[in-house]
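**Student:** Same order as they appear, the protein sequences are chains G and C. If you read the first sequence in my numbering, its first letter stands for residue 1, the second for the next number, and so on. If you read the second sequence in my numbering, its first letter stands for residue 1, the second for the next number, and so on.
Hint data in this document are derived by calculation from the structure and do not stem from the laboratory. What you are looking at is a predicted structure, and each value in this text was computed from that prediction instead of being measured. Idealized CB from N, CA, C, for every residue including glycine. Mixed in with the good hints there might be a few duds.
Unchecked claim - Incomplete in silico selection of chain C near chain G, CB under 8 Å:
1. ILE273
2. VAL360
3. PRO511
4. PRO557
There are 2 protein chains.
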Amino acid sequence: MAVPSASTEAANRVSLLNVILGRRLASNEQKGHKIGVLTGLPALGLDGLSSSAYGPEAALTVLVPLGAASLYCIGPITLAILGLLTLLYFSYRQTIAAYPVNGGSYTVARENLGTWASLLAASALMIDYVLTVAVGISAGVAALVSAVPELYRFTLPLCLGMLALITLINLRGTAEAGVAFALPTYLFIASMGLVLALGVAKAVAAGGHPHAVVAVPSLGTGREAVGIWVLLRAFASGCTAMTGVEAVSNGVSAFKEPAVKNAHRTLTWIIAILAALLGGIAYLARSYQVGAMNQEKPNYQSVISQLTGAVVGKGAIYYVTIVSVLAVLCLSANTSFVDFPRLCRLIAKDDFLPRGFAAVGRRLVYSVGVLFLAASAGLLLTAFGGITDKLIPLYAVGAFLAFTLSQAGMVMHWRKQPADPGPARGRRLKMAVNGVGAVATAIALVIILLAKFIEGAWITILAIPVMLTLFKLVHRHYVLFEKQVSCPQPLDVSDYQEPVVLVPMRGWDHPTRKSLRFGMLLSTDVFALHLSNLEGDAAEDEAARVRQDWAERVERPARAAGLPPPKLQLIRTPFREFITPLLDQIDQFKRKFPHRLVAVIIPEVVEKHWWQAVLHSRRAHRLRSALRKREDYRVVVIDLPWFLQE
Amino acid sequence: MAVPSASTEAANRVSLLNVILGRRLASNEQKGHKIGVLTGLPALGLDGLSSSAYGPEAALTVLVPLGAASLYCIGPITLAILGLLTLLYFSYRQTIAAYPVNGGSYTVARENLGTWASLLAASALMIDYVLTVAVGISAGVAALVSAVPELYRFTLPLCLGMLALITLINLRGTAEAGVAFALPTYLFIASMGLVLALGVAKAVAAGGHPHAVVAVPSLGTGREAVGIWVLLRAFASGCTAMTGVEAVSNGVSAFKEPAVKNAHRTLTWIIAILAALLGGIAYLARSYQVGAMNQEKPNYQSVISQLTGAVVGKGAIYYVTIVSVLAVLCLSANTSFVDFPRLCRLIAKDDFLPRGFAAVGRRLVYSVGVLFLAASAGLLLTAFGGITDKLIPLYAVGAFLAFTLSQAGMVMHWRKQPADPGPARGRRLKMAVNGVGAVATAIALVIILLAKFIEGAWITILAIPVMLTLFKLVHRHYVLFEKQVSCPQPLDVSDYQEPVVLVPMRGWDHPTRKSLRFGMLLSTDVFALHLSNLEGDAAEDEAARVRQDWAERVERPARAAGLPPPKLQLIRTPFREFITPLLDQIDQFKRKFPHRLVAVIIPEVVEKHWWQAVLHSRRAHRLRSALRKREDYRVVVIDLPWFLQE
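From just these sequences and the hints, can you work out the full model?
**Tutor:** Structure below.
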């Protein structure tokens, strides 16, 4: 009995939308391919690895006022970050093993810490994803304008153009793994690895003071002394280097069997490479005396650009490196475009976001989430002029809140596990690992909040309760909706009476004729309401004419066919209004026929062009709106359209 | 049988609209009061008399480059204008006698020269009214900022504020005659008369070279020689002093009996006073060496302000005069607000303007015309920065085109009159008077067009064909509309079959239950369409569940009540779309039941707040729009709303 739809045609029709977004895909065209370590590393590691392109620079930017002294500070700060990274590594290994289907912070928090904690994680993650896009794109463009300074003044348009391109690609749907991801990722690892290895070799050979191929701008003497406050702030900024490492835990189900083992290996590689990159950059920055420059000033050079120039000069390797950085940063924005809509779908499935977020779009992606992410990131980029340095203070708060909630959730997870038949030590150890991780990221979170509050973290802090409130409001509405709409009773066939039909009319015309005919199909009680704003004699004349017309045109043919003729009601409208007297009439009919529905047939002339609306009073439209506003369950509106032709 | 409407309550309800615009008036609250000469002069003469406040100044502005020589030119130019005025006076006396009900240019042209000429007059008049408002207000504000130079930089906001005030007053409805009009008009005549009389007396006493009480800025030596071109341009600008004198001919029906006699007397007074004012201003300008100043520069003083200062000094009389000028100019804008909507109503009644222009608003005024006039004048004022001098070149074209068409129409009128039983000379003389008037204003029109073309008259020239085209388009639409909608046939009761009812559904809920019940009232052929985008086993499971539910909840109670149960149709939507498969279904049902209407009942949940629309997919709304677009006469859409409560 199930009828297949013929809409395949529509999907293949040539239309502007089909050209731009690609043809509509059938649900069964979803392809399920699984990834291994080699393809998993680009697909899930991109976001984490690309953080090395802006994390160290963010820390160095904070240290700028210290002048050359900043180089003595970057070492300890990087060590602290690497320590934290190690803790996270072991913690997330356990999450992967425990949640081989979906170990995202939202799910882990919901299952172990309850609704509020999961919504807190959700808001933190959503903010984090939006910032990943904004920071990824702005840092990518920063790398580009370092290489081509002429483009400097187009920073914001370049950012927005890149955003539009990524959005379009994602609306068409991305085959997640694939050359587009793998190539730039490995190119990035290879070129950065080469530059860092060469740099370290040169530095060691030169006894720690290598000669820069391309001179590095002087750092000058410091304007400030080294203090705990500036170190904390630098650490807080540097923590952005750790964002994105949770991606593997979200995507374990995408791995080939043995999935957990493959995921573990991928995570190991990602963390190891990230650690090497961070360590290498910190060491070389110190050796080559490279500090951060102000992105808001022309001739800006990113730290990686300076470093690469110093180590290998501005030759082919330099440009390959810069291009790979740009590609990797933009693709890291892409990671958010894959993850954010999926997260929103989970939240929407739990009724905390509008259901549109859970709807599968024409290309089998969650289009609403994609567009929402693009709009939010676009707003952020515009508000901050596409300057990475200004976005960084907002960042990391979300990521570290999500880290903390996820790991705290894991602690609860282990606690709730039934005591193993085997030794209980295993469970306790796991609890300890996740617990230490949670405490460490919580401490980092507090440091980030304190250090970055005034510079922008307050925006994130403000956004979270706003989002929680919205989640709650949405949820309340859906609960209310289900309660009011859901219906345990069967079909009601009691007290079965035909409706009373009302047909407002201006005069005898085609739409009125069609409406009356339809009304007589529905009921034997059909009333035509003729409204007139004439007064005195003119009104009497008109009434006589209308009544005579009625007798000839309606009553006679109806009687001849043996049908009860519709009744004519003449209504004076001294205030020249249309809606109010009609509503009055409807109320009178409701009183007169207390147990019957009142069906109002609106004979409506439908214009061909929007501008024709100016030429008519759109009474049908206004009446429908007025009836809607009254929330009257006993009134049914029936449109009888009459279409104007050219 | 005519039922009185209960909407008096609504009219008296306290609402923001009622407070701002006044309560809605019943049609029979229209008061008919008639005017005499004393009240007619302010009511119908205001526009004409106030022209003296900017006409001479407009001529002098053109003469500025001549320096002191300009004073020798203003005399002859004023004489030419006064001559033209005299011709118009006699010509319009005849129009008043011939058209005692409505002698407006539009009507006279339509009745005597045909549709195109009447539409030409209509567009000319409409443009003229809009410019009267813009020029009246800007000249009034110019008088104000002459007296209070601190206000100079607020010229445009003052103009727009005045416009908003006048619009609001007119939306509330003005009692035409009344103290508000009479007082400023007579104050204006009295104070201007006093100043001019004093000035002339002083000038004569001083042998033509009186001493100015407040010094007048020097005119300097001329930068140009006197030439025919500059004189023609000055004459063209000065002709704006004649705008508005046709008002009496439009309003003869408003006079007490003997209406024509009263109208004639009023016209005589208006023309006489206007002539005296123009003559006096020209004489004093020459005696006191007063020229025009640039309104776009600070310390601007209007000609009347300079003259009054020179004659009586800047004392009480000066300020009374300036205030009365300001009041009269703004009230002259008001004249347009009375006449423009009435003109538009006449045009709309002939189906050349949207019918809304003929609708009587809540306060018994044609609100659409009022708002349209306000918007157009507001646009003009904004575009020209509220500077009278820039608006003047656009002006007068419309007025003189309307003068010419009206008088040419009168010539035709006399020609068409049957030969009198009395002497034919009367008719020939009348024809000659109107003919000479028509030729004179036509010549003036040509001069105005030539002299002012580049400065702005081209805008008017361009606007007229645009308006004519719009008139024609509107008319074509209404003709088409009437042709398609009007219906000579009686009610059709042939081939009388109940409709096929379709109910799209998501699942079993209150809206669906209500829709099915209503559908069963309409027809015995009710089909519920259950759409699902599931695939494979999940789809099979769902289908089985839905069928079982259907059997229990619908079929069983229907059969128990002895009614034919609605049929369930399961539809797969592999492309996750809603509209396309439904339209497919509708087409299939149309083929299956070729002679029956298809009624689609849309069970729609109606949100309480607009923002809730984000939370739902608005399928009902989208389906209704899609059905509309298909222009399908066999499909009827029935909304079954289900209202969400808080």
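**Student:** Output the numbers, in ascending order, of every earlier hint that fails for this structure.
**Tutor:** 1
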